[in-house]
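There are 2 protein chains.
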Amino acid sequence: MQGLHLTADLHDCRCALRWLVDAELLGQHCVQLVEAAGLQAVAQLFHAFPMTPHGASGVTATVLLAESHLCVHTWPEQRAATLDVYVCNFGADHSAKAEALMLALLTLFDPASIERNQILRGQVTPPCAPA
Amino acid sequence: MQGLHLTADLHDCRCALRWLVDAELLGQHCVQLVEAAGLQAVAQLFHAFPMTPHGASGVTATVLLAESHLCVHTWPEQRAATLDVYVCNFGADHSAKAEALMLALLTLFDPASIERNQILRGQVTPPCAPA
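Going line by line, the protein sequences match chains A and B. Heads up: the first sequence runs through residues 19 to 149, numbered per my numbering. Heads up: the second sequence runs through residues 19 to 149, numbered per my numbering.
Quick caveat, the hints were computed from the structure, so don't treat them as lab data. There could be a bad hint or two in this list.
Said to hold, decoys possible - Which stretches of chain A does chain B cover? Using the computed rule of at least three CB atoms under 8 Å from a CB of chain B, they are:
#1 22-36
#2 71-83
#3 89-100
#4 115-124
#5 130-138
Backbone N, C-alpha and C define an ideal beta-carbon position, used for all residues, glycine too.
Using the sequences and the hints given, assemble the complete structure.
Printed below as a string of structure tokens:
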């Protein structure tokens with residue numbers, strides 16, 4: 019269960035609006051990006067929130083991976099999105115693939131600003147100072 | 019898009035084994051816990067990985083929320099699980115509901131040890147020191 023969880027919160031995305039409002043388009047592209055990064059998609063779920071008087075609402079695209087998951091949420095009215103790429107490293111280190119997938123998604127959304135974080139998941143033994 | 023993302027990595031879960039291997043059972047219970055916490059499930063996806071020569075494999079249960087998402091991965095051979103509860107606070111602060119959902123899941127899995135983290139998502143303006 020040890021792994022790497024990358025998050026990114028994207029502001030002022032300069033991509034075409036369709037990437038923020040079309041759940042099927044975004045979701046299928048996410049599956050392609052997962053595979054291009056060398057990760058293995060095992061299931062997928064795309065959801066579009068109902069239209070509002072102000073226009074199209076956001077979408078959620080989740081791709082379950084053999085290695086854990088990808089989840090994208092969008093807020094088109096703010097031209098914002100959040101990204102989660104979590105890979106467990108069971109059997110092999112998938113960290114570079116996670117970074118490649120994150121980079122591909124950032125390239126797609128083209129945000130003007132980003133906050134990124136990463137969490138090392140499932141670390142059984144905390145690092146120790148030498149005795 | 020501002021919100022709270024709680025993570026927990028669970029070791030030596032003392033729950034019944036079925037919670038770690040039965041995707042449908044776990045997933046449906048996750049939906050119930052989401053609703054009990056006052057959050058709104060909008061879609062769900064449960065996936066069981068194939069059996070191995072060593073027995074049942076892990077499962078993934080994802081519940082998409084009006085407020086963002088819940089994702090649970092299990093590793094029954096290690097009696098381990100990881101939890102993600104992410105709520106955006108669009109319109110209202112859902113942080114207490116996220117904490118309640120996390121507590122309910124921790125109670126379900128009953129781990130001997132836990133690593134927890136939290137990320138404040140989508141913070142446009144970083145905190146500034148007074149001038």
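Holds or violated: the segment 22-36 of chain A covered by chain B, criterion of 3 or more residues with Cβ-Cβ distance under 8 Å?
Our answer is that it holds, as 4 residues pass the Cβ test (under 8 Å) against chain B, meeting three.
8 Å C-beta test of the segment 130-138 of chain A against chain B, three or more residues
n = 3 at 8 Å, threshold three: holds.
Test coverage of the segment 115-124 of chain A by chain B using CB-CB distances below 8 Å; three residues minimum.
violated (count 0)
Chain B covers the segment 89-100 of chain A, three or more CB atoms within 8 Å, holds or violated
Three-residue rule met by the segment 89-100 of chain A, so holds; n is 7.
Outcome, coverage hint (the segment 71-83 of chain A, chain B; C-beta under 8 Å; three residues)
holds (count 3)
Violated hint for the displayed structure: number 4, the only one.
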